[in-house]
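> Residue numbers (our numbering), protein chains in the order written: chain D, 66 to 543; chain W, 66 to 543.
A hint or two may mislead.
Heads up, the list lumps identical chains together, so a pair's fine if it works in one copy or across two of them.
Said to hold, decoys possible - Using 20 Å as the maximum straight-line C-alpha spacing, the simulated SDA-like pairs for lysine to any residue come out as follows: (1) K162 with R243; (2) K240 with A159; (3) K138 with G373; (4) K240 with Q189; (5) K162 with R179; (6) K240 with P135; (7) K354 with G275; (8) K239 with P135; (9) K162 with S237; (10) K138 with R153; (11) K239 with E317; (12) K240 with E317; (13) K138 with G347; (14) K239 with T158; (15) K239 with D174; (16) K239 with G186; (17) K162 with D139.
Just so you know, the hints here were simulated from the structure itself, not pulled from any lab data.
Protein chains: 2
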Amino acid sequence: MNDAPRTYDVIVIGAGPVGENLAGRARAAGLSTVVVESELVGGECSYWACMPSKALLRPALAQADARRLPGLKDAVQGPLDTPAVLARRDYFTANWKDDGQVAWLDSVDVDLVRGHGRLDGPRQVVVETPEGGSVRLAARHAVAVCTGTTAALPPMPGIADVNPWTSRDATSAKKAPRRLAVVGGGVVAVEMATAWQALGSQVTLLVRGGALLERVEPFAGEMVADAMREAGVDLRFGANVASVERDGAGGEVRIGLEGGARISADEVLFAVGRAPHTGDIGLETVGLKPGSWLTVDDTCQVTGVEGGWLYAAGDVNHRALLTHQGKYQGRMAGAAIGARANGEPVDDAPWGAHVATADHAAVPQVVFTDPEVAAVGLSAAEAEQAGRRVQVVDYDLAHVAGASLYGDGYRGKARMVVDLDRGILVGVTFVGPGVGELLHSATVAVVGEVPVDRLWHAVPAYPTISEIWLRLLETYRG
Amino acid sequence: MNDAPRTYDVIVIGAGPVGENLAGRARAAGLSTVVVESELVGGECSYWACMPSKALLRPALAQADARRLPGLKDAVQGPLDTPAVLARRDYFTANWKDDGQVAWLDSVDVDLVRGHGRLDGPRQVVVETPEGGSVRLAARHAVAVCTGTTAALPPMPGIADVNPWTSRDATSAKKAPRRLAVVGGGVVAVEMATAWQALGSQVTLLVRGGALLERVEPFAGEMVADAMREAGVDLRFGANVASVERDGAGGEVRIGLEGGARISADEVLFAVGRAPHTGDIGLETVGLKPGSWLTVDDTCQVTGVEGGWLYAAGDVNHRALLTHQGKYQGRMAGAAIGARANGEPVDDAPWGAHVATADHAAVPQVVFTDPEVAAVGLSAAEAEQAGRRVQVVDYDLAHVAGASLYGDGYRGKARMVVDLDRGILVGVTFVGPGVGELLHSATVAVVGEVPVDRLWHAVPAYPTISEIWLRLLETYRG
Numbered sequence: 066m067n068d069a070p071r072t073y074d075v076i077v078i079g080a081g082p083v084g085e086n087l088a089g090r091a092r093a094a095g096l097s098t099v100v101v102e103s104e105l106v107g108g109e110c111s112y113w114a115c116m117p118s119k120a121l122l123r124p125a126l127a128q129a130d131a132r133r134l135p136g137l138k139d140a141v142q143g144p145l146d147t148p149a150v151l152a153r154r155d156y157f158t159a160n161w162k163d164d165g166q167v168a169w170l171d172s173v174d175v176d177l178v179r180g181h182g183r184l185d186g187p188r189q190v191v192v193e194t195p196e197g198g199s200v201r202l203a204a205r206h207a208v209a210v211c212t213g214t215t216a217a218l219p220p221m222p223g224i225a226d227v228n229p230w231t232s233r234d235a236t237s238a239k240k241a242p243r244r245l246a247v248v249g250g251g252v253v254a255v256e257m258a259t260a261w262q263a264l265g266s267q268v269t270l271l272v273r274g275g276a277l278l279e280r281v282e283p284f285a286g287e288m289v290a291d292a293m294r295e296a297g298v299d300l301r302f303g304a305n306v307a308s309v310e311r312d313g314a315g316g317e318v319r320i321g322l323e324g325g326a327r328i329s330a331d332e333v334l335f336a337v338g339r340a341p342h343t344g345d346i347g348l349e350t351v352g353l354k355p356g357s358w359l360t361v362d363d364t365c366q367v368t369g370v371e372g373g374w375l376y377a378a379g380d381v382n383h384r385a386l387l388t389h390q391g392k393y394q395g396r397m398a399g400a401a402i403g404a405r406a407n408g409e410p411v412d413d414a415p416w417g418a419h420v421a422t423a424d425h426a427a428v429p430q431v432v433f434t435d436p437e438v439a440a441v442g443l444s445a446a447e448a449e450q451a452g453r454r455v456q457v458v459d460y461d462l463a464h465v466a467g468a469s470l471y472g473d474g475y476r477g478k479a480r481m482v483v484d485l486d487r488g489i490l491v492g493v494t495f496v497g498p499g500v501g502e503l504l505h506s507a508t509v510a511v512v513g514e515v516p517v518d519r520l521w522h523a524v525p526a527y528p529t530i531s532e533i534w535l536r537l538l539e540t541y542r543g
Numbered sequence: 066m067n068d069a070p071r072t073y074d075v076i077v078i079g080a081g082p083v084g085e086n087l088a089g090r091a092r093a094a095g096l097s098t099v100v101v102e103s104e105l106v107g108g109e110c111s112y113w114a115c116m117p118s119k120a121l122l123r124p125a126l127a128q129a130d131a132r133r134l135p136g137l138k139d140a141v142q143g144p145l146d147t148p149a150v151l152a153r154r155d156y157f158t159a160n161w162k163d164d165g166q167v168a169w170l171d172s173v174d175v176d177l178v179r180g181h182g183r184l185d186g187p188r189q190v191v192v193e194t195p196e197g198g199s200v201r202l203a204a205r206h207a208v209a210v211c212t213g214t215t216a217a218l219p220p221m222p223g224i225a226d227v228n229p230w231t232s233r234d235a236t237s238a239k240k241a242p243r244r245l246a247v248v249g250g251g252v253v254a255v256e257m258a259t260a261w262q263a264l265g266s267q268v269t270l271l272v273r274g275g276a277l278l279e280r281v282e283p284f285a286g287e288m289v290a291d292a293m294r295e296a297g298v299d300l301r302f303g304a305n306v307a308s309v310e311r312d313g314a315g316g317e318v319r320i321g322l323e324g325g326a327r328i329s330a331d332e333v334l335f336a337v338g339r340a341p342h343t344g345d346i347g348l349e350t351v352g353l354k355p356g357s358w359l360t361v362d363d364t365c366q367v368t369g370v371e372g373g374w375l376y377a378a379g380d381v382n383h384r385a386l387l388t389h390q391g392k393y394q395g396r397m398a399g400a401a402i403g404a405r406a407n408g409e410p411v412d413d414a415p416w417g418a419h420v421a422t423a424d425h426a427a428v429p430q431v432v433f434t435d436p437e438v439a440a441v442g443l444s445a446a447e448a449e450q451a452g453r454r455v456q457v458v459d460y461d462l463a464h465v466a467g468a469s470l471y472g473d474g475y476r477g478k479a480r481m482v483v484d485l486d487r488g489i490l491v492g493v494t495f496v497g498p499g500v501g502e503l504l505h506s507a508t509v510a511v512v513g514e515v516p517v518d519r520l521w522h523a524v525p526a527y528p529t530i531s532e533i534w535l536r537l538l539e540t541y542r543g
């Protein structure tokens, strides 16, 4: 080890989309910047999450759309060509090679050090390189932790021995298991259950509670559950996994549920939560607890660390476990680091240039199931818990002409939550086929704090699904 | 004829979507309201425009989407089942029966008089009924003309003798002609050329000028032209129709172009413009010129008519020939009539409750071709002509992850026009498959006059096509 550190203005640990965005913004502010990556540049999202999962889901959703259209539906009654879908997925993950992403770093003049980075006291990072050496880095201004999360497995005896799937396996599998058991009821669980059922697996979805997608409006999970059952998923609520074992290497997995039921499958995916990827990054050298979530302020500066040099953006700060929101934090944190380093004023008023205000008010999410679920801001329950005086407005999407035209038998629902004291929207949820791109209209309305009276002038094109906006506003106005 | 008039607060001539919305709002304001309709309640949109055209186009677009997806595309290489598509179209036009729409009028307590309505001096309307009688109506407060437009045929000798298609025939045809010539380059022309080419016709599109869709950003028409050619349409620019004749009843149509070229087809659609449907509605009895567009203020009150009792909403006022914008005018005019009748203040400041301000700033339009074209507000050229100091920001949609996932070989483009003095958007255009529902995000941004700096906080969900917003804003910020 060469003890003379390589010094940069900014060190970023983790070259996923969040680290990339943060590094890009810091560099754009004129700061010399290095990122440290122990796996692939591009991170979880590019190789084992957003990109491959959507590549698996997109043909399934397009097929479902086509099956709702007389004139086209007869042609698409057969199964998807699974090898072709998997090959397309491989393309979108660049076959798990990161040359393209490395080229991007080069193009914006951000350095890359490959290896496992660990904090080593204030502003110091030591990277254990793949070759067995180490590189010491020192930061003049900031170190940003963008290490994300890993799949959390339940503490169950012998679980590692069954070689369970996590989100990584579910997104990168080379063939469809004949029988796939999925444990969980959140986004990863429902998306992967949807994808693999469409790709030929018989999926059993084991949900501990009584609902899917518990963080959004309850009707979303209900509609997704109905559709999954119709697609052939064996969906079981109140299913607590008590034991899991595999019948020899490559044999079937046997899952025991509390109450005694047993399920056999060829693979089992555990999608029961995420843990911060901070167990072995030297947090203890700066007074923080290894394995903990990193608490940050709105500029993504870690609280409780002297000198204000440590930042954390993305999943690891636990504000919103979504790629796009982490990228947003990365942009804001990178800009804040730049402003502070350059002695410029930090614009940290709400919605300022250096704060991730939207984390509190307008986190959008699209779940790529059939129906799609698209939500931003507060649910009705969250608004109520927050003590807001709100009106909840619901409308059946099946009654919107554009939705009916989109596909026969269209089922969907929309809800908007109006803050009656401010006359603005604080939350909007759409559930239905083809609503994903509609979400951003709601995000702009919530973030822009556009008065409901002004939204009355925002005319949706006819006949699109967007006309739901007119119906919601008419319903609100009574 | 019974000369004692039936008196209402408000008389609406024309029960299309615009008249329905206006009547509904007037009635909601407590005014007794009657609508007069000479054809079908529901109007052009429901039977011969938006609804049937989108019913014809939707399977074609879904097929195009499916053909871009490995794993699904092999199944959809064959032609659409045209009879099934036409049957679905018939369903969406309710087989050209208006019972459902009449039931809606009943449900909101608006009266209906069937027949041809004509003004007969101030506040008077005489309806010639289908039975050969007449009904005299008198309005206490307002008469609203919502008669829309009809297809304009070029003044060409013998054109009527060839029994040409207009938009009505193109949307209601019972089978696909083997060869269809389409004259025009606007929305109706490109949508119907797209639909019938997909439904089995060999379409020849004859465009007088050198571009399609001349009212939106030039790249839109270029991309649609490229795609139409690839779909097999014989697209000819600079094609001026000089003569047209049919070879006997039911025989082929022969079209002569200036310069001497000749085209044979089984049917010819003229989609070369619209004329106000005001030729025979008694305008002369109130000092206006029959056959003219009706000029209105922002409350849709016709200018130059004494007493302020005459309104005109929808296509007939020539502000924006789009169903949704006409409906918006109908809502605003109905509310304005209600306020004036009830002696309430009229909120006619820009974006007020009684004015159609969006007609000037934010008219959205989606063209349902492959690629879709979605635009709102000013084009770059229009902004420049208006003397605005703007920055034009372009981005290639093919470089957005969500677009690539949407379909292989994705081609699309987006443009936003930023008003540099106000720091807001004045126009946005998206061209590409699947962008239709994305438009409303732009409409909310333009209508809400959301500052560009605030839009930076409106995070698009990853990976959707909506991420184009991030790319446009990044490009703008440099």
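> First find the shortest C-alpha distance between K138 and G373 inside one copy, then the shortest across copies, and answer within, between, both or neither for a cut-off of 20 Å.
neither (59 Å within a copy, 54 Å between copies)
> Cα distance capped at 20 Å. Does K138 pair with R153 within a copy, between copies, both, or neither?
For K138 and R153, the Cα distance is within 20 Å only across copies (12 Å; inside one copy 23 Å).
> Within, between, both or neither: how does the pair K162, D139 come out at a Cα-Cα threshold of 20 Å?
Neither. Shortest intra-copy (39 Å) and inter-copy (29 Å) distances fail the 20 Å Cα cut-off.
> Please work out whether the CA atoms of K240 and E317 approach to 20 Å or closer within one copy, between two copies, in both situations, or in neither?
Within one copy, since 16 Å is at most 20 Å while 55 Å is not.
> Checking an output row: K138 and G347, CA cutoff 20 Å. Within, between, both or neither?
neither (56 Å within a copy, 50 Å between copies)
> Given a CA cutoff of 20 Å, do K240 and A159 count as a within-copy pair, a between-copy pair, both, or neither?
For K240 and A159, only the intra-copy Cα distance (18 Å) is at most 20 Å; the inter-copy one is 46 Å.
> How would you classify K162 and R179 at a CA-CA limit of 20 Å: within, between, both, or neither?
This pair counts as within: shortest intra-copy Cα distance 14 Å, inter-copy 69 Å.
> Is the C-alpha distance from K162 to S237 at most 20 Å within one copy, between copies, in both cases, or in neither?
within (13 Å within a copy, 53 Å between copies)
> At most 20 Å between alpha carbons: which applies to K239 and T158, within, between, both or neither?
within (13 Å within a copy, 47 Å between copies)
> Under a CA distance limit of 20 Å, which applies to K240 and P135: within one copy, between copies, both, or neither?
between (31 Å within a copy, 16 Å between copies)
> Tell me, please, which holds for K239 and D174 at an alpha-carbon limit of 20 Å: within, between, both or neither?
Neither: 36 Å inside a chain and 62 Å across chains, both beyond 20 Å.
> With identical chains treated as interchangeable, where does the CA-CA distance between K239 and E317 reach 20 Å or less: within a copy, between copies, both, or neither?
Answer is within: at 18 Å inside a copy they meet the 20 Å cutoff, but 56 Å across does not.
Consistency note: the structure conflicts with the earlier hints numbered 1, 3, 4, 7, 13, 15, 16 and 17.
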